[in-house]
Amino acid sequence: DGGITQSPKYLFRKEGQNVTLSCEQNLNHDAMYWYRQDPGQGLRLIYYSQIVNDFQKGDIAEGYSVSREKKESFPLTVTSAQKNPTAFYLCASETSYNEQFFGPGTRLTVL
Amino acid sequence: AQSVTQPDIHITVSEGASLELRCNYSYGATPYLFWYVQSPGQGLQLLLKYFSGDTLVQGIKGFEAEFKRSQSSFNLRKPSVHWSDAAEYFCAVAGTGGFKTIFGAGTRLFVKA
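As you go down the protein sequences, you meet chains A and B in turn. Those letters in the first sequence? Residues 29 to 139, by the working numbering. Those letters in the second sequence? Residues 35 to 147, by the working numbering.
Derived by calculation from the structure, the hints in this document are not laboratory data. No false leads were slipped in.
Simulated crosslink set (DSSO-like; lysine-lysine; CA at most 30 angstroms straight-line):
id	chain 1	residue 1	chain 2	residue 2
1	A	Lys98	B	Lys134
2	A	Lys111	A	Lys42
3	B	Lys134	B	Lys102
4	B	Lys83	A	Lys99
5	B	Lys83	A	Lys98
6	A	Lys85	A	Lys99
Kindly generate the complete structure, drawing on both the sequences and the hints.
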């Protein structure tokens, strides 16, 4: 089955620690996105990539980093510079007609 | 600037009643328009999409939406709501030329028995 997978489902981070969220897709889509969602809030764009080895900052990129070495993979690192990282993180891939397919999400909690 | 507005933060409807969720957009050309649904703790799922042609589009789970260019709107409708429709609904707009997708803030739907 084609789709988007995110792991882990739940992640706990200690203060000052970097953590990496995984996002993999087998839909053969060029574009991939990372969003952050806080309780009762909409989606806020962190980073996006429209092609391998290229990515752009979104609206809230500070404290986050990404890489896009393979078409299938778009991992997100939450660095210690992100002061309030507790949130629900969603990864998506996108067709050439801008239809987005979302993963199940990763809930990150800072201890 | 491109934008999407969902005027209603939350809506409560009775089971079996009809539903309309509002979406207004601002975009310089003919947009691609989408409605997504999100159940608590899950990712978003596409309900329906409009690219061109017939302005009334049908989606999954009995939903439909109508594109009205004159009103810059793309409202989502369902004739009879089921308890399982309780979720958050997001309208989104996209376009050609590298224009990235913009999501509205979402409307949370509550269904009462």
